[in-house]
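There are 2 protein chains.
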Amino acid sequence: MDISQQERTYETSMADKSTPSSLARYLDGEFWETKDHIREEISQGEPFRTMLFGVLPSGPQLGVVCGLFGGAVTNLGSPGQKKKWYLPVTVCFTGMFAMTERGHGSNVRGILTEACYEPSTQEFIIHTPCEDAQKMYIGNSMKGNYASVFAQLIINGDSQGPHCFIVPIRDRHGVMNPGVTAIDMKHKEGLHGVDNGILIFDNVRIPRTNLLSKFGCVSADGLYSSPVQNKSKRFNAMLAALTPTRLGLTVQAIAAMKLGLIIAVRYSHSRRQFGPKDQQEVKIIEHQTQYLRLMPHLAAALALTFTTRFAACTMDHALCKGEVLQNNSSLQALVAGLKAYSTWENLACLQECRECTGGMGFMMENRIPALKCDSDVFVTFEGDNVVMLQVVVKELMTQFTRQLGNSVVGGLIKTWTSSVSDRVRTSFLGFNVDTVGDMSFLLKAVSYRERVLQRSLATRLYNKVKKKREEFFDAWNSCLHHVTGLALAHIHRVTLEQFALAVQECPVEEDHTLLTKFCLLHGTSLVYQERAWYLEHHYLTPATSRQIRTQMLELCRLVKDEALKVVSDFNVPSCCIQAPIAGVANPRAEWAFYSAPEHPIRASKL
Amino acid sequence: MDISQQERTYETSMADKSTPSSLARYLDGEFWETKDHIREEISQGEPFRTMLFGVLPSGPQLGVVCGLFGGAVTNLGSPGQKKKWYLPVTVCFTGMFAMTERGHGSNVRGILTEACYEPSTQEFIIHTPCEDAQKMYIGNSMKGNYASVFAQLIINGDSQGPHCFIVPIRDRHGVMNPGVTAIDMKHKEGLHGVDNGILIFDNVRIPRTNLLSKFGCVSADGLYSSPVQNKSKRFNAMLAALTPTRLGLTVQAIAAMKLGLIIAVRYSHSRRQFGPKDQQEVKIIEHQTQYLRLMPHLAAALALTFTTRFAACTMDHALCKGEVLQNNSSLQALVAGLKAYSTWENLACLQECRECTGGMGFMMENRIPALKCDSDVFVTFEGDNVVMLQVVVKELMTQFTRQLGNSVVGGLIKTWTSSVSDRVRTSFLGFNVDTVGDMSFLLKAVSYRERVLQRSLATRLYNKVKKKREEFFDAWNSCLHHVTGLALAHIHRVTLEQFALAVQECPVEEDHTLLTKFCLLHGTSLVYQERAWYLEHHYLTPATSRQIRTQMLELCRLVKDEALKVVSDFNVPSCCIQAPIAGVANPRAEWAFYSAPEHPIRASKL
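Here the protein sequences come in this chain order: B and C.
Add 11 to a position in the first sequence, counting from 1, and you land on the number used in the numbering used here.
Add 11 to a position in the second sequence, counting from 1, and you land on the number used in the numbering used here.
Chain B on its own, in the form it takes in the complex (with noise of 0.2 Å):
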């Protein structure tokens, strides 16, 4: 095919952008306006910094200088503090956000950075006392100018928790501050556009205003003041801030998903490979193994899509009441679960799509493998998802407990007789094998699931703690594979919930059609991932357990051609595409070029 031809394609494929179909704009949101706008500025080729932001250093870093210092400034700084360097962060100077240090990542109440207050000048003495407090990989470290240092307040000897203060590290002409030092970490897997390094400071002097002072201040002659006066709680509504930049990750692992579903559908319904004897070559979509791997991520890509906006409308509408996000451990659990929840669906999903793409998805001109690299980290930063999934548990606890009434004995009735109930209702469910295709089965089996595990970890955790006295770091220790299984259970019930809400709340026939058949292929991938749990609990018999083995095969085989069309309506410009086994050609590799694959059911009504 020559390039004329994969110009007319290409062509072709961007006229079919210009008229979004209704499923589009369902999937795009209320926004959908917003984001037209801006598929347009970016399809244009108006770089997206300039609409959005002003003069901008190039766009990887945006990440680090709005969300993670611009967050830490606008969460924990005063109005006046946002107005001095949220504002500017855009035009004037680059920030950065040094909270990890090399002895503490995930464990950040332990960091080891001082900043010891001085009243006869009223300054904040930054230190790095030793090896384990140096801030590592701190994006933006070989240029930015300011840092958000998470440090121990520390007054009289006495410290008052970590806190976050504004340090200059270099000036505009890049000349670094007396006392900071900085050093480039170098390579890494994936996001090549951001440099990452460690910052140590020897006794660096701030002036006492730039400590972000909306949990704690400390007035000229040294005393102390905070709105939350238990300092573990204090400690919590400062990591409050990260909920914001952890919903923002979760979008980006969602995009990245799709984008590899699009590339990875595409190529599926264009190459060919096998068929029956002598005649054509069957498209590789048509193997079981092919649709089979990718069809539950696309379900997952749409259930992630809905509750992601969910969460994210939790927060709009948390921050337009003047809710402190802190206050809301509900939403900052979700957050927590949607991130570790997406990133490794995320991971799981491009692995798929490079496997299925073959040599062509190891090539870096189809983009498969700089996602892969680029979103590999999202597990384990801003919160190593282990670490987001204990989070997750510790608020199901914290409501379990709430809801038996701070009383354990009697909960613990309440449980047995709940959990009885459970099984009574469920052996009828799980005995008729016609339900399992149904909606309200599926939706009710996830819950049962987060519900049985909610209890049981209660029950496990009382018995060690409060009957056998261990240390609680140990009991719950002992608990780890308990809690990360509640955890997911948790965050697949909330995913399957809003995606069944956005069905049926969907007002076009035919994508509503469309939706609830994802929607089952995503309820059903779901309890068939942990059909050893339901048939160890007997929710599920051996025969319905096969019946939903049955299920997953021949769902993933209804949607492998809609597939088409939902990657379609992911809308994404052909220019954030490029892959050419998707059909969007790419001077620099003719070679990989495919032609767009044509919509097997639209081409068969022809």
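It cannot be assumed that every hint is accurate.
Remember, identical chains collapse to one label, so a pair may be satisfied in a single copy or spanning two.
Simulated pairs of lysine-lysine, DSBU-like, Cα-Cα distance not exceeding 30 Å [to be verified]:
{"hint": "1", "residue 1": "Lys477", "residue 2": "Lys154"}
{"hint": "2", "residue 1": "Lys294", "residue 2": "Lys576"}
{"hint": "3", "residue 1": "Lys288", "residue 2": "Lys455"}
{"hint": "4", "residue 1": "Lys405", "residue 2": "Lys94"}
{"hint": "5", "residue 1": "Lys242", "residue 2": "Lys294"}
{"hint": "6", "residue 1": "Lys528", "residue 2": "Lys576"}
{"hint": "7", "residue 1": "Lys455", "residue 2": "Lys479"}
{"hint": "8", "residue 1": "Lys479", "residue 2": "Lys288"}
{"hint": "9", "residue 1": "Lys479", "residue 2": "Lys294"}
{"hint": "10", "residue 1": "Lys197", "residue 2": "Lys478"}
{"hint": "11", "residue 1": "Lys294", "residue 2": "Lys94"}
{"hint": "12", "residue 1": "Lys154", "residue 2": "Lys479"}
{"hint": "13", "residue 1": "Lys528", "residue 2": "Lys154"}
{"hint": "14", "residue 1": "Lys479", "residue 2": "Lys95"}
{"hint": "15", "residue 1": "Lys455", "residue 2": "Lys405"}
I should point out that these hints are in silico values taken from the structure, not numbers from a laboratory.
Since the structure of chain B is provided, determine the placement of chain C on it from the hints.
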């Protein structure tokens, strides 16, 4: 920690290496002396290639030049051809292997490149008739001198099926042979040591003697002859040439796994995070999730080590006895299955290693990212894993038919009887909770699963093809999920058996005890992964299934400290480990250094 201290640690660990433990010897197997010699050479900085191969192009291309090009020549060529093209490849010129085409990767039988015989000049005319016939992903294509090219051998307009031809691509000065075009495919996710490109032939003439003639040759006047009459069998015989390469790939995958595990296990024993209140933080290996993520992979690495040795011995014996590999289809199937299992297992293992080492694991200096990116392609090249699994199952189905004496009806009756006796025996096992920790229980379980899946697949295929008269391709395709499940069940069973045999034969009691635990863990992990299937088939009761889970958790906990000894006994020279977080200093990344962990058991004895 300063560098002199780092060097001391480094020297100590090198000193340790000089006297390998009995376990290290046992893991090395029969050829430990050769391996020790190679280690010494590597540690002394002698370039590996000099010692083994004389003047050779740099390392990573070794696989392409010797393994692939060389493999084609030695396995498909006549003795004279071997002398002419294999020996010189190590000193005079470099080769490449051109099988895959744009249109045909997995389905090699469908390749379109043509080799037409012209009796008047006694030449073959090698030609690329269309875009789909372009040879793709050819390693060393931008530099190599000769290519072993697979093409349809055409005599008087009739195709004799794919054959392999030696085609000169460039002379020694790099000047292209007329009619040959090479296009660079440029950037890939990994394996940057080998270039990959496209080869296109425009009526390139080569002498008649350049057809590798072991399985087919053409006389001067154009008469074709072959020792294998059946075209399909002849084709399969040629594909058998890939068997040694696939085994080589398995060895590489295991090496990558081991390296990843050395790094992750050591770091997990040094790095501390979280802990009981007011006490020192614990080593991260103490977190239940951490040891659950790493230990099953360590067990699998051991199982694969012994299984690969078994396959290599079988191959050696076959070759020594002068057997032709293509007649040993069960060996071919074993190697195909091992290739798929080991390369997937390696990817999963490296991903866990990356995540378990957090941000440090994302830094290139700590090696894991490059290991991941380089070995990612293993799962789709030299035979896509999904295709490999089908190779395994085709052999299993053949064996099954053979066992039944070709009488499918009689077979079904026998099958049913055997199935009943299985059920009786296993119900007994299923209900006896105490037996699940027993090696023989685990061996029986994995063997039962393989047998049942084999039987039921045969029945399903029989019903679809014989009774319902479905096209074989469609019948097979609709069972692909079953097929891949059976293939993995087969290879899982073989790895567990080979591991158990190695444990049995281990002469040193202490090592025997240690290996027993890892072997139990490997078996437990295999059954745990498939516990849903066992529950569905009443092989496990809900109670025994939970027992399997408990056993998994317990075994992982039990071996987490001994893991340090095992990774040390992999006996990989420090200069090959390099990763600073594993305690091997690297002057380029002093900041990443963690001193090598002390063995917790040894330490506690002091």
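Now for the hints, and whether the structure bears them out:
For a Cα distance limit of 30 Å, the shortest separation of Lys477 from Lys154 qualifies neither inside one copy, at 52 Å, nor across copies, at 71 Å. Taking identical chains as interchangeable, the C-alpha atoms of Lys294 and Lys576 lie at most 30 Å apart only when both belong to the same chain, with a minimum of 17 Å there against 49 Å between chains. For the identical chains of this complex, Lys288 and Lys455 are neighbours neither inside a copy (46 Å) nor across copies (39 Å), given an alpha-carbon limit of 30 Å. Proximity of Lys405 and Lys94 under a CA criterion of 30 Å is satisfied in neither setting, with 35 Å inside one chain copy and 70 Å between copies.
In this assembly of identical chains, Lys242 and Lys294 lie within 30 Å of each other by CA distance solely across copies; the values are 26 Å between and 61 Å within a copy. Only within a single protomer do Lys528 and Lys576 lie at most 30 Å apart by alpha-carbon distance; the minimum there is 13 Å, versus 51 Å between protomers. Taking CA atoms no more than 30 Å apart as the test, Lys455 paired with Lys479 passes in neither setting, with 34 Å inside one copy and 38 Å between copies. Taking CA atoms no more than 30 Å apart as the test, Lys479 paired with Lys288 passes between copies only; the shortest distance there is 18 Å, against 68 Å inside one copy.
Taking the shortest alpha-carbon separations for Lys479 and Lys294, only the inter-copy value of 24 Å comes in at or below 30 Å, while the best intra-copy value is 61 Å. For a Cα distance limit of 30 Å, the shortest separation of Lys197 from Lys478 qualifies neither inside one copy, at 51 Å, nor across copies, at 64 Å. In this assembly of identical chains, Lys294 and Lys94 lie within 30 Å of each other by CA distance neither inside one copy nor across copies; the values are 57 Å within and 43 Å between. Taking the closest pair of Cα atoms, Lys154 and Lys479 never come within 30 Å of each other, the shortest separation being 54 Å inside a single copy and 70 Å across copies.
In the homo-oligomer, the alpha carbons of Lys528 and Lys154 never lie at most 30 Å apart, since the shortest distance is 49 Å inside one protomer and 52 Å across protomers. With identical chains, the CA atoms of Lys479 and Lys95 are never at most 30 Å apart, being 54 Å at best within one copy and 77 Å at best between copies. Taking the shortest Cα distances, Lys455 and Lys405 sit within 30 Å of each other inside one copy (23 Å), while across copies they are farther apart (41 Å).
The earlier numbered hints that this structure contradicts are 1, 3, 4, 7, 10, 11, 12, 13, 14.
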